[in-house]
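Input sequences plus hints: build the corresponding full structure.
Same order as they appear, the protein sequences are chains A and B. When the letters of the first sequence are read in order and numbered with this note's numbering, they come out as residues 23 to 355. When the letters of the second sequence are read in order and numbered with this note's numbering, they come out as residues 23 to 355.
In short, the hints are calculated from the structure, not lab data. Just so you know, not all the hints are guaranteed correct.
Which copy? The list can't say, so a pair holds if one copy fits it or any two copies do.
Claimed, not checked - Distance condition first, Cα-Cα at most 16 Å in a straight line; then the derived EDC-like pairs of lysine to aspartate or glutamate: (1) K347 to D308; (2) K347 to E329; (3) K347 to E57; (4) K266 to E281; (5) K347 to D313; (6) K27 to E50; (7) K224 to E344; (8) K91 to E344; (9) K347 to E291; (10) K91 to D333; (11) K266 to E220; (12) K224 to D47; (13) K224 to E93; (14) K266 to D280; (15) K27 to D333.
Since we're looking at a predicted model, the values are computed, not measured.
Number of protein chains: 2
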Amino acid sequence: MNLAKQLLSGNRLALTRLLTQVENDTSEGRAALTELFPHTGAAHLIGVTGAPGTGKSSLVNQLALHFRKQEERQVAIVAVDPSSPFTGGAVLGDRVRMRDLAGDPGVFIRSMASRGSLGGLAQTTAGLVQVFDAAGFEIILIETVGAGQAEVEIARLAQTTLVIEAPGLGDDIQAIKAGILEIADILVVNKADRPGVENTLKALRSALELAHPVQHVFQHHGVLETVEAPEVPTYNSWIPPIQKTVATECTGISELADEIARHAEHLRESGDWAARERSRLGSELDAMLQDMLVTRFRDQVSQSRYEAVLDQVFQRELAPWEAVKMLLNGRSQ
Amino acid sequence: MNLAKQLLSGNRLALTRLLTQVENDTSEGRAALTELFPHTGAAHLIGVTGAPGTGKSSLVNQLALHFRKQEERQVAIVAVDPSSPFTGGAVLGDRVRMRDLAGDPGVFIRSMASRGSLGGLAQTTAGLVQVFDAAGFEIILIETVGAGQAEVEIARLAQTTLVIEAPGLGDDIQAIKAGILEIADILVVNKADRPGVENTLKALRSALELAHPVQHVFQHHGVLETVEAPEVPTYNSWIPPIQKTVATECTGISELADEIARHAEHLRESGDWAARERSRLGSELDAMLQDMLVTRFRDQVSQSRYEAVLDQVFQRELAPWEAVKMLLNGRSQ
Chain A
23 MNLAKQLLSG NRLALTRLLT QVENDTSEGR AALTELFPHT GAAHLIGVTG
73 APGTGKSSLV NQLALHFRKQ EERQVAIVAV DPSSPFTGGA VLGDRVRMRD
123 LAGDPGVFIR SMASRGSLGG LAQTTAGLVQ VFDAAGFEII LIETVGAGQA
173 EVEIARLAQT TLVIEAPGLG DDIQAIKAGI LEIADILVVN KADRPGVENT
223 LKALRSALEL AHPVQHVFQH HGVLETVEAP EVPTYNSWIP PIQKTVATEC
273 TGISELADEI ARHAEHLRES GDWAARERSR LGSELDAMLQ DMLVTRFRDQ
323 VSQSRYEAVL DQVFQRELAP WEAVKMLLNG RSQ
Chain B
23 MNLAKQLLSG NRLALTRLLT QVENDTSEGR AALTELFPHT GAAHLIGVTG
73 APGTGKSSLV NQLALHFRKQ EERQVAIVAV DPSSPFTGGA VLGDRVRMRD
123 LAGDPGVFIR SMASRGSLGG LAQTTAGLVQ VFDAAGFEII LIETVGAGQA
173 EVEIARLAQT TLVIEAPGLG DDIQAIKAGI LEIADILVVN KADRPGVENT
223 LKALRSALEL AHPVQHVFQH HGVLETVEAP EVPTYNSWIP PIQKTVATEC
273 TGISELADEI ARHAEHLRES GDWAARERSR LGSELDAMLQ DMLVTRFRDQ
323 VSQSRYEAVL DQVFQRELAP WEAVKMLLNG RSQ
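Structural data, given as structure tokens:
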């Protein structure tokens, strides 16, 4: 019985092995993903992102605990750290993980340090998520560090994206994160017992006004007053709620889980669940296509030929675009 | 006379036009880059990166002023903001730029907000740099916001990379940036008149120990004491210096310029200048190849065919890897 079949029969050792195969992008891993794919699509993928210092990991732990103990659901956590390309793992390594969850077979945690390109990281994460999904994990928390484009790409894997903030991280930091608010389905202000929480809430509300102007008009007035742009689908829109939590004291976690459930319901009712799923699979397909095109090219052009062309570029005898054309047209050389 | 020839004859309007063509990746822009390429390779590319709040822009301004006034060199600044994929431009837009440099034809500034993929951003930046290089700008400052993988990729464009820190940005922030220290050729502690500067220096020295352990042994003892690993090329190695500055008061700028010159000299003497140049051109070639492979694929597979396959994936009738194979093998369909 191959690893995929073992996984589907509930073998946890097969799960660990398969995750490693997928992370290393082996042919066995690819074959297993193909076999498992018809068994995916049931899980609720929840992306969690935010700057270091927001207490993101504690929050993910508490959410996992809640889903386990209150809702008896199987929970997987994929923790990704794309911000440290060279010393990957250090940030994840030093944290205290899951003391309350240790030994519970209904929870599975996989940490992944950065490797290769950003695209590769998103692709690998997508693979890991599919393995967990096929293995019957109903909730998959995808946790990323930071607030750059990497996180945006990984957030696109999720059906529901939480963006975590905390008081006292500085105005500069708030400003730079304006972009990521636009991908947030739920905003969480963790460490909400700290001074400055009102300022953080105020900053988030301002940022939300910018990111979701029309929805806010809708929210504030109950009906859409501005009728100049009737093509904007304002009804049925989701306005990201702001949830305060103190993860270390388990405050606000249950309310946050309710908001997550409400968002899932909204996605299903509005048809956005299917739309996001299709868009997600499209991105995945594109990344794989690109990967395969590059692999095929490498198989067709010898390393010595490539080096010779690069040398000509280095000597300024050949411009990069000319080199590309030469390599692509003379593949058999 | 085409734009490339006009540029080479010193026409500044052609420079502006060409930068726009390259930024929009037009066929005219690509043709011009090909024509200009033999005229590139003379500039010293200096990457400047660091978190928001470090006073990076002021520092870049002061450096540009120094190179203009003290060394009478032509200076270009390419300011890139990859951290805000949706509201790109906001962070760059609100800063006070170059009051002392306005009207000086020996300085040219180009701001670029994020667009498209990270790879695309690095590629576009490389193109802009080539235009400035061919136009005779001797110093090209490439400024990026943040400390993620995007900045690392852009830093690879430069021969000399400065990483800017400042006191009081929080320990979490310092920790997350450990990775980027490994790409730093020169560390700058700006705002060095602020409280906490000793802590910042201490944190940087610790991080440097981790990033460059052997070189530090070499530095501290004058000879290499540990002989267990003779294959490590420790002599001739560069130990990133730490330079304190107060950009707003122009303190430490001249010393920083000296360190930059010392690094360029080191690169030329050690042969690293050529090695970095070749590696840089190799990355550029790879990005272009990937780009071209995807373009060719798109030309060969119709949108309706692609959508039909994606629908099969969405319906779970076809796994992503099977879909990729089908699309690549049935190109003419």
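Structure-based check of all given hints:
In the homo-oligomer, the alpha carbons of K347 and D308 lie at most 16 Å apart only across protomers (12 Å), although the nearest pairing inside one protomer, at 23 Å, exceeds that limit. Only within a single protomer do K347 and E329 lie at most 16 Å apart by alpha-carbon distance; the minimum there is 15 Å, versus 29 Å between protomers. Taking the closest pair of Cα atoms, K347 and E57 come within 16 Å of each other only across two copies (15 Å); inside a single copy the shortest separation is 38 Å, beyond that limit. When the C-alpha separation of K266 and E281 is checked against a cutoff of 16 Å, the pair qualifies only within one copy, where the shortest distance is 12 Å, while the shortest distance between copies is 48 Å.
In this homomeric assembly, K347 and D313 come within 16 Å of each other (Cα to Cα) only across copies, at 12 Å, whereas the closest approach inside a single copy is 19 Å. For the identical chains of this complex, K27 and E50 are intra-copy neighbours only, at 13 Å inside a copy versus 54 Å across copies, given an alpha-carbon limit of 16 Å. With identical chains, the CA atoms of K224 and E344 are never at most 16 Å apart, being 53 Å at best within one copy and 49 Å at best between copies. Proximity of K91 and E344 under a CA criterion of 16 Å is satisfied in neither setting, with 61 Å inside one chain copy and 39 Å between copies.
In this assembly of identical chains, K347 and E291 lie within 16 Å of each other by CA distance neither inside one copy nor across copies; the values are 49 Å within and 34 Å between. Taking the closest pair of Cα atoms, K91 and D333 never come within 16 Å of each other, the shortest separation being 61 Å inside a single copy and 37 Å across copies. Taking the shortest Cα distances, K266 and E220 sit within 16 Å of each other inside one copy (11 Å), while across copies they are farther apart (36 Å). Neither within a single protomer nor between protomers do K224 and D47 lie at most 16 Å apart by alpha-carbon distance, with minima of 44 Å and 40 Å respectively.
With identical chains, the CA atoms of K224 and E93 are never at most 16 Å apart, being 33 Å at best within one copy and 47 Å at best between copies. In this assembly of identical chains, the alpha carbons of K266 and D280 lie at most 16 Å apart only when taken from the same copy (13 Å versus 50 Å across copies). Taking the shortest alpha-carbon separations for K27 and D333, neither the intra-copy value of 49 Å nor the inter-copy value of 26 Å comes in at or below 16 Å.
In the structure shown, a violation is registered for the earlier hints numbered 7, 8, 9, 10, 12, 13, 15, in ascending order.
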